[in-house]
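Residue numbers (the numbering used here): -13 to 75.
What the hints contain is simulated information worked out from the structure, not anything from laboratory work. Please note that the accuracy of each hint is not assured.
[Claimed, not checked] Mimicking SDA-like on lysine to any residue, the simulated pairs with C-alpha atoms at most 25 Å apart in a straight line are:
#1 LYS(-9) x ALA6
#2 LYS(-12) x ASN1
#3 LYS(-12) x HIS(-2)
#4 LYS(-12) x SER0
#5 LYS(-9) x ILE2
#6 LYS40 x TYR53
#7 LYS(-8) x TYR53
#8 LYS(-9) x MET58
#9 LYS40 x ALA56
#10 LYS(-9) x GLN5
#11 LYS(-12) x MET58
#12 LYS(-9) x HIS10
#13 LYS(-12) x ILE3
#14 LYS(-8) x ILE3
#15 LYS(-8) x ALA6
#16 LYS(-8) x ILE59
#17 LYS(-8) x ILE2
#18 LYS(-8) x MET58
#19 LYS(-12) x SER(-1)
#20 LYS40 x TYR50
#21 LYS(-8) x PRO13
#22 LYS40 x LEU54
#23 LYS(-12) x ILE59
#24 LYS40 x MET58
#25 LYS(-9) x ASN1
#26 LYS40 x GLU52
#27 LYS(-9) x ILE59
#28 LYS40 x GLU51
#29 LYS40 x PRO57
#30 LYS(-12) x ILE2
#31 LYS(-9) x HIS4
#32 LYS(-9) x ILE3
#33 LYS(-8) x HIS4
[Said to hold, decoys possible] Across the chosen pairs, the derived CB separations fall in these ranges:
#34 LYS40 x HIS10: 45 to 55 Å
#35 MET58 x ILE2: 20 to 30 Å
#36 SER47 x LYS(-8): 21 to 31 Å
On a predicted model such as this, the values are computed, not experimentally measured, just so you know. Cβ atoms here follow ideal geometry from the backbone N, Cα and C, with glycine treated the same way.
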Amino acid sequence: EKTIKKVEQTIHSSNIIHQANVDHLQPLYTLVETELCPLRQTDTISIEKTLQTKQVLENASNTYEEYLVAPMIGKRESQTVEKVDKTKL
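When you get a sec, could you build the whole thing from the sequences and use the hints?
Structure follows, in structure tokens:
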């Protein structure tokens, strides 16, 4: 019964998105790895001051396939979110 209610909520949310008029919007442009995206001179970071990926991930409480997983805090009716134990943050 709980699952059926969740599916109905998901369908309702999808219908709202499907009905949105986006004809007047331009498509988003995303950078891909093959394109050059130079930093501004003021954004240049020296290699000596940067942390290695391994060092950053050592501080993460949750990782997945060598990526940092940011905790989800709170709960929305439209999506299921795990409750977060704030004492572990």
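We went through each hint and held it up to the structure:
1. This hinted pair checks out: LYS(-9) and ALA6 have alpha carbons roughly 23 Å apart, not beyond 25 Å.
2. Proximity of LYS(-12) to ASN1 is assessed by CA-CA distance (about 20 Å); at most 25 Å being required, the pair is judged to hold.
3. Note on LYS(-12) and HIS(-2): the hinted pairing holds, with a Cα-Cα distance of about 15 Å set against a maximum of 25 Å.
4. At most 25 Å may separate the alpha-carbon atoms for a hinted pair to count; LYS(-12) and SER0 meet this at roughly 18 Å.
5. As the CA atoms of LYS(-9) and ILE2 are separated by approximately 17 Å, the hinted pair is consistent with the 25 Å bound.
6. This hinted pair checks out: LYS40 and TYR53 have alpha carbons roughly 10 Å apart, not beyond 25 Å.
7. A C-alpha spacing of about 29 Å is found between LYS(-8) and TYR53, which places the hinted pair above 25 Å, so the restraint is violated.
8. In summary, the hint linking LYS(-9) to MET58 is supported, as the alpha carbons are separated by about 23 Å, within the 25 Å threshold.
9. A hinted pair counts as satisfied when its Cα atoms are at most 25 Å apart, and LYS40 with ALA56 qualifies at roughly 16 Å.
10. Note on LYS(-9) and GLN5: the hinted pairing holds, with a Cα-Cα distance of about 21 Å set against a maximum of 25 Å.
11. Only pairs whose Cα atoms come within 25 Å are accepted, and LYS(-12) paired with MET58 is accepted, the gap being roughly 22 Å.
12. Distance check on the hinted pair: LYS(-9) and HIS10 sit about 34 Å apart at the alpha-carbon level, beyond 25 Å; violated.
13. Among the hinted pairs, LYS(-12) with ILE3 is consistent with the structure: their alpha-carbon atoms are about 23 Å apart, no more than 25 Å.
14. For the hint linking LYS(-8) to ILE3, the alpha-carbon distance of about 17 Å falls within 25 Å, and the restraint holds.
15. Simply put, LYS(-8) and ALA6 have alpha-carbon atoms about 22 Å apart, close enough for the 25 Å limit, and the pair holds.
16. Straight-line distance between C-alpha atoms of LYS(-8) and ILE59 comes to about 20 Å, which keeps the hinted pair within the 25 Å bound.
17. Distance hint between LYS(-8) and ILE2 is fulfilled; the C-alpha atoms sit about 16 Å from each other, no more than 25 Å.
18. Annotation: proposed proximity of LYS(-8) to MET58 holds, straight-line Cα distance about 19 Å (limit 25 Å).
19. Under the criterion of a C-alpha separation no larger than 25 Å, the hint pairing LYS(-12) with SER(-1) is consistent with the structure, at around 17 Å.
20. Proximity of LYS40 to TYR50 is assessed by CA-CA distance (about 13 Å); at most 25 Å being required, the pair is judged to hold.
21. A hinted pair counts as satisfied when its Cα atoms are at most 25 Å apart, and LYS(-8) with PRO13 does not qualify at roughly 31 Å.
22. Only pairs whose Cα atoms come within 25 Å are accepted, and LYS40 paired with LEU54 is accepted, the gap being roughly 11 Å.
23. Straight-line distance between C-alpha atoms of LYS(-12) and ILE59 comes to about 22 Å, which keeps the hinted pair within the 25 Å bound.
24. Only pairs whose Cα atoms come within 25 Å are accepted, and LYS40 paired with MET58 is accepted, the gap being roughly 23 Å.
25. Restraint check for LYS(-9) and ASN1: satisfied, since their Cα atoms lie roughly 15 Å apart, inside the 25 Å limit.
26. As the CA atoms of LYS40 and GLU52 are separated by approximately 8 Å, the hinted pair is consistent with the 25 Å bound.
27. For the hint linking LYS(-9) to ILE59, the alpha-carbon distance of about 23 Å falls within 25 Å, and the restraint holds.
28. A threshold of 25 Å between alpha carbons decides the hint, and for LYS40 with GLU51 the separation of about 12 Å falls inside it, so the pair holds.
29. As the CA atoms of LYS40 and PRO57 are separated by approximately 19 Å, the hinted pair is consistent with the 25 Å bound.
30. Distance hint between LYS(-12) and ILE2 is fulfilled; the C-alpha atoms sit about 21 Å from each other, no more than 25 Å.
31. The suggested pairing of LYS(-9) with HIS4 holds, with an alpha-carbon distance near 20 Å, which does not exceed 25 Å.
32. Taking the CA atoms of LYS(-9) and ILE3, the gap is near 19 Å; set against the 25 Å cutoff, the hint holds.
33. At roughly 18 Å between alpha-carbon atoms, LYS(-8) and HIS4 fall within 25 Å of each other, so this suggested pair holds.
34. Look at LYS40 against HIS10: about 46 Å separates their beta carbons, and that is inside 45 to 55 Å.
35. About 22 Å separates the C-beta atoms of MET58 and ILE2, a value consistent with the hinted range of 20 to 30 Å.
36. For SER47 and LYS(-8), the hinted distance range of 21 to 31 Å is satisfied, since their beta carbons lie about 27 Å from each other.
In summary, the structure is inconsistent with hints 7, 12 and 21 from the numbered list given earlier, while agreeing with the others.
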